[in-house]
Amino acid sequence: MRHILSILVEDEPGVLSRVAGLFSGRGYNIETLNVAPTLTEDLSMMTITTEGDEAIVEQIVKQLRKLVTTLKVVDLTGVKSVEREMMLLRVDAEGSKRAEVLRIVDIFRCKVVDVSLDELIIEVTGTQDKLGALINLLQRFGIKEIARTGAVAMRRGMQE
Amino acid sequence: MELTGAQILLESLRREDVDVVFGFPGGAVIDIYDQLPNYPLRHVLARHEQGAIHAADGYARASGRVGVCLVTSGPGATNAVTGIATAYMDSVPVVVITGQVPTPLIGNDAFQEVDIVGITRPCTKHNYLVKDVRDLAGVIKEAFYLAATGRPGPVLIDLPKDVQQARCEYKYPKTIKMRSYNPTYTPNPKQVAKVADVLRKAKKPIIYAGGGVIASTAGDDLVWLARSQQIPVTATLMALGCFPANDSLWVGMLGMHGTYAANMAISHADLILAIGTRFDDRVTGKLSEFAKNAKIVHIDIDPTSIQKNVPVHIPVVADCKSFLAALRGHLEAAPAEDAPAPAERHAAWLGTVAAWKTEKPLTYDQNGGAIKPQYVVEVISRLTKGEAVITTEVGQNQMWAAQFYQFLRPRSFISSGGLGTMGFGFPAAIGAQMACPDRLVIDVAGDGSIQMCIQELATAVCYDLPVKIVILNNGYLGMVRQWQELFYKKNYCATCLDVAPDFVKLAEAYGAAGYRVTDPAQVESVLAEAFALPKTVIVDVVIDREENVAPMVPAGKSITEMILV
Ligand SMILES: Cc1ncc(C[n+]2csc(CCOP(=O)(O)OP(=O)(O)O)c2C)c(N)n1
Ligand SMILES: [Mg+2]
Chain E
1 MRHILSILVE
11 DEPGVLSRVA
21 GLFSGRGYNI
31 ETLNVAPTLT
41 EDLSMMTITT
51 EGDEAIVEQI
61 VKQLRKLVTT
71 LKVVDLTGVK
81 SVEREMMLLR
91 VDAEGSKRAE
101 VLRIVDIFRC
111 KVVDVSLDEL
121 IIEVTGTQDK
131 LGALINLLQR
141 FGIKEIARTG
151 AVAMRRGMQE
Chain P
1 MELTGAQILL
11 ESLRREDVDV
21 VFGFPGGAVI
31 DIYDQLPNYP
41 LRHVLARHEQ
51 GAIHAADGYA
61 RASGRVGVCL
71 VTSGPGATNA
81 VTGIATAYMD
91 SVPVVVITGQ
101 VPTPLIGNDA
111 FQEVDIVGIT
121 RPCTKHNYLV
131 KDVRDLAGVI
141 KEAFYLAATG
151 RPGPVLIDLP
161 KDVQQARCEY
171 KYPKTIKMRS
181 YNPTYTPNPK
191 QVAKVADVLR
201 KAKKPIIYAG
211 GGVIASTAGD
221 DLVWLARSQQ
231 IPVTATLMAL
241 GCFPANDSLW
251 VGMLGMHGTY
261 AANMAISHAD
271 LILAIGTRFD
281 DRVTGKLSEF
291 AKNAKIVHID
301 IDPTSIQKNV
311 PVHIPVVADC
321 KSFLAALRGH
331 LEAAPAEDAP
341 APAERHAAWL
351 GTVAAWKTEK
361 PLTYDQNGGA
371 IKPQYVVEVI
381 SRLTKGEAVI
391 TTEVGQNQMW
401 AAQFYQFLRP
411 RSFISSGGLG
421 TMGFGFPAAI
431 GAQMACPDRL
441 VIDVAGDGSI
451 QMCIQELATA
461 VCYDLPVKIV
471 ILNNGYLGMV
481 RQWQELFYKK
491 NYCATCLDVA
501 PDFVKLAEAY
511 GAAGYRVTDP
521 AQVESVLAEA
531 FALPKTVIVD
541 VVIDREENVA
551 PMVPAGKSIT
561 EMILV
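The listed protein sequences derive, respectively, from chains E and P. Numbering of the first sequence is given in our numbering, commencing with residue 1 and proceeding in unit increments. Numbering of the second sequence is given in our numbering, commencing with residue 1 and proceeding in unit increments.
Just chain E, same shape as in the assembly (with noise of 0.2 Å):
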């Protein structure tokens, strides 16, 4: 199954190849990765999705928290959360596909940030399943290219 772990760590140098070495010493899998800083100065926030069963994703979420520069760990898998990704493609939109890639573009509430003779630049954010279904979608008029940020999540607010 899929996961969504959130990490806390110090923003220091090394931290990041600590935690990828972690993932390939011991074979886990990383689908997305994602590092930012965060509000506060010496604290970067990474979002990792991976897969694996509930044994293996606990022995994941034990080790990073086991790192001497993790502050937090959380799987945000089975807790009420928002997840988006921002992609951009380059789409072939020559002519007469224009018309109809701008139709898409419109209704999955994408913009178009660069736009060209032949091709459009994209950007769209959304859930994995949006951003996978886009490119279905736009796969016909010829998909030229693509940048992915990678899942970032947040807990949702207390509903009750």
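FYI, nobody ran anything at the bench for these hints, they're computed from the structure. A couple of the hints might just be wrong.
Selected chain E positions facing chain P (Cβ under 10 Å, derived; list incomplete) [unchecked claim]:
no. : residue
1   : Leu8
2   : Glu10
3   : Gly14
4   : Arg18
5   : Glu58
6   : Gln63
7   : Arg65
8   : Thr69
9   : Leu71
10  : Lys72
Chain E residues, not near chain P, derived (Cβ > 12 Å throughout) [stated by the list, open to error]:
no. : residue
11  : Ala36
12  : Leu39
13  : Asp92
14  : Lys97
15  : Glu100
16  : Ile107
17  : Ser116
18  : Lys130
19  : Phe141
20  : Arg148
21  : Met154
Which residues of chain E face chain P? A few of them, derived with a C-beta cut under 10 Å, are [claimed, not checked]:
no. : residue
22  : Val9
23  : Gly25
24  : Ala55
25  : Thr70
Please read all numbers here as calculations on a predicted model, not as lab measurements. The beta-carbon is built from N, C-alpha and C at its ideal position, and this holds for glycine as well.
Once you have looked at the hints, place chain P with the ligands on chain E.
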């Protein structure tokens, strides 16, 4: 006061109560060596960095204190890696200081530059590259704290040459608190209550003790638990000595070369108290067959050890000593009045276990004119009354030492368990002798392993260390040969050590004493003489060449499937 980085390092070591540093110099640490004579530290100059790091490790294992090792950059650092990994696998507190090229050269493939922080990341508990002398004192404080607390382990500090030379105001932190590191020492009281409860109900309990018992100095607490509750005790290689081998509750080591009684007992128990241990594959054998009938209680300070290999019914994250104290509180506070006393409740079980012990004890065939290695270890055990510090190399020698020496107290058995590092035993004995100058320290060695760090004879002789090396000389890489015999149709490829040095002459060449024994009748007298000699001694005991270690559980089999003698 303003100090250089080198001075800060040495002054901080002094404040950490370090009394001995095991090291080997080089260009990137000359500044530290230049200052060393000004500080009240003994330095032991090894003859190879592997010797230095194993000695620091042996010192730590024998004393319970942090061992310290100092080596230069590049090859000095990489030579120490095997020893760092050895300490990591066995959770030994060691602080390793490596020199590094000056910071402006880092990343330029400078002379003797190696990314030792990158190389040792997976085999240290934590490591540091110090780029600013103002960080140094704090890093050293953290390094000692990390090495010794929680699940102990090696910590490496990489110290560039320019940082050693730079100056800054020195202030050593008195206390330390790290927001991202807070090991759990005290057990959750609810979990302890559950353990007390299942323990009262158990009919066939067993204690399975690991190295954590020794690391947390919980030997006495364990003895109390076993005796007061009448629970048989088995232990891993790492925990030998945590329970006296002459106690009737002792069933011996378990696992691949464990006793018949220990492997039977753990397989038939209804309750396993796994304390400070990690269910290593050499202990469990085939996992799906392991302890199928038992409830498992697992106490460990490292949460990653729990539920890693086997499903556990009652997990307890805690330091073994704190846990055992809490459990004792429970057991003493509420003696269930109507319940029968433990001795009565476990009577049938204790009888069964005792029968396994007498039915198939550790044994060997004493007939024939050749010296049996098991006999040699028995003689060592008898002559030293179980009071020596025994280190081992790796292979058959290690298993015979583990099986046939009667360990009576913690920190008496020092062996590379997790990594199985040949060449460990002798330098570790040097470290142990530095830690325990008044104890007899004996390396039970193999003829193969001893050659991997034989150069440390110079170290032992140089510092007048009366370490004894008893080589169980079979002319083979014996343990590998045993596997070839049993599982590879006796294809003894690359395991016969045809050419070997004359160990007696070798000892003498280094200024140590040497003996050779070939006659069983002489074993005792020669060993007694060697042990009485106040100097470094090699005793080369020529043993029955193709003797095997038994019992043996073939890799991947259930631990009840033992090949007996
Ligand atoms: C550094 C290292 N290399 C290889 C091995 C694999 N190995 C395990 S036991 C053994 C044989 C050791 O021979 P010896 O020291 O003579 O001990 P014996 O088994 O004969 O008592 C070998 C080669 C190892 N454990 N460590
Ligand atoms: Mg041998």
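Exercise. Measuring from the C-beta of E/Lys72 to each C-beta in chain P, is the shortest one below 10 Å?
Worked result: Holds: closest Cβ of chain P sits about 9 Å from E/Lys72, inside 10 Å.
Problem set entry | Least C-beta distance between E/Met154 and chain P, which was stated to exceed 12 Å | At roughly 21 Å from the nearest Cβ of chain P, E/Met154 sits farther out than 12 Å, so the non-interface label holds.
Problem set entry | No chain P beta carbon within 12 Å of E/Asp92's | E/Asp92 clear of chain P: closest Cβ-Cβ about 42 Å, beyond 12 Å.
For this session: Over 12 Å to the closest beta carbon of chain P is the bar; see if E/Lys97 clears it.
Result: 48 Å, holds
For this session: Answer holds if the nearest beta-carbon of chain P is closer than 10 Å to that of E/Glu10; otherwise answer violated.
Result: 6 Å, holds
For this session: Would you check whether E/Leu71 satisfies its interface hint, that is, whether its CB is within less than 10 Å of any CB in chain P?
Result: 5 Å, holds
Problem set entry | Evaluation of the interface hint that places E/Thr70 against chain P, nearest CB under 10 Å | 6 Å, holds
Problem set entry | Interface hint outcome for E/Gln63 [beta carbon to chain P under 10 Å] | 5 Å, holds
For this session: Verify that the Cβ of E/Ala36 lies farther than 12 Å from every Cβ atom of chain P, and report whether the claim holds or is violated.
Result: Its Cβ never comes within 12 Å of chain P, the nearest being 18 Å, so this holds.
Problem set entry | chain P contact restraint on E/Thr69 - CB to CB distance below 10 Å | 6 Å, holds
Exercise. Is it the case that E/Arg148 keeps its Cβ farther than 12 Å from each residue Cβ in chain P?
Worked result: The claim holds: E/Arg148 sits with its nearest Cβ about 28 Å from chain P, beyond 12 Å.
For this session: Would you settle whether the hint for E/Ala55 is holds or violated, based on the nearest Cβ-Cβ distance to chain P being less than 10 Å?
Result: 7 Å, holds
No hint from the list above goes unmet by this structure.
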